[in-house]
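Engineer: For reference, the chains in residue letters:
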Amino acid sequence: MHIMEGFLPPAWCLFWFLVSAPFVVYGMYQLRILMREKREALPLLAVAGAFIFVLSSLKLPSVSGSCSHPTGTGLGAVLFGPFITSILGLIVLLYQAVFLAHGGLTTLGANLFSMGIAGPLLAYAVYRGGQKVGLNTYLTVFLAAALADLFTYVVTAAQLALAFPAEAGGFVTSFLAFAGVYAVTQVPLAIIEGAVIALTFKYIIDVRSEILVRLGVLSDAVAARLQGARA
Amino acid sequence: MKYAMELTVLALILLFAGSFVIVLNTGEHEWGGTDGQAGDIINEMTGTEYEPWADPIYEPASGEIESLFFCLQAAIGALVIGFFFGYYYRGRRINT
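Those protein sequences? They're chains P and R, same order as listed.
Each residue of the first sequence is one higher than the last, beginning at 23 in the working numbering.
Each residue of the second sequence is one higher than the last, beginning at 99 in the working numbering.
In case anyone wonders, no lab produced these hints; they're calculated from the structure.
It cannot be assumed that every hint is accurate.
Once the Cα atoms are required to be at most 20 Å apart in a straight line, the calculated SDA-like pairs of lysine to any residue come out as [what the hints assert, rightly or not]:
{"hint": "1", "chain 1": "P", "residue 1": "K224", "chain 2": "R", "residue 2": "G134"}
{"hint": "2", "chain 1": "P", "residue 1": "K81", "chain 2": "R", "residue 2": "S160"}
{"hint": "3", "chain 1": "P", "residue 1": "K81", "chain 2": "R", "residue 2": "S165"}
In this text the structure is predicted, and so the values were computed from the model without any measurement.
Sequences and hints are given; from them, build the entire structure.
Structural biologist: Here it is in structure tokens:
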């Protein structure tokens, strides 16, 4: 989903930097509160960040005959919300832009918006919505993570289409062309990513469900039920 | 079933790997990254040759070095995940 260095016109680069900045600033603020008041959750924060590291480094071949990588942002979004996750995403994107020439510093704002903000926002909304209507917790995590992955690519396609509308047909034609490249490749990857993150979520419940309750990710009742199902 | 979820995930991964093998044996594919394909579509859509206006400040000197950095990235992540899960599981055993 990374837009390569120099592949967005300067005006759009600036635009996406401005859009992404408030999320990062608010994320920093939330992170400070988290560090002060819920220190016991910090290992989980490291795990969530590490997931983005691992998953976004795996370039997987897909049914379309090309390769792409998952995003791994779903776990962070479910556990800590989209704002803190945007900071985790920023770290990964910086690493890849500086050491791997993958993505880029000029396109950092745009890439951060698609992977670190839009995807996690959707994941968070899906998770909260699913919990509210009483959907199975693991299924909800699966959906949240898989949709975050897919949505990241949808947003990237939209970003490219906005910057490069087709001569004939404008934004829509262009969007479909970009989305076409990503979509087929990404759907199987999103499913795998969702499944792996749901499984990880199960292990977190196994070992530290009380932290999830403290973070407000699970209610007491749900945590007790999931723990009971395990035993 | 205690391991229902593990088995489901395993089945999905096998399915994914199976589909890869099938595609591998049907026709020619480049297995290139989708990120790179975006550049071609930009040219196709706008009808002009797009010139990137900035270059990466550092580019891995070869494919080997690039894969080194990708491996490092994965290794750092895996280390952190393994460490904290180990830490959590150990804590649980002592408490109960």
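Engineer: Does each hint hold? Answer for all of them.
Structural biologist: Against the structure, the hints:
Between K224(P) and G134(R), the direct Cα distance comes to roughly 36 Å. Violation of the 20 Å bound is thereby established for this hinted pair. At roughly 17 Å between alpha-carbon atoms, K81(P) and S160(R) fall within 20 Å of each other, so this suggested pair holds. Our distance criterion of 20 Å between C-alpha atoms is met by K81(P) and S165(R), whose separation comes to about 11 Å.
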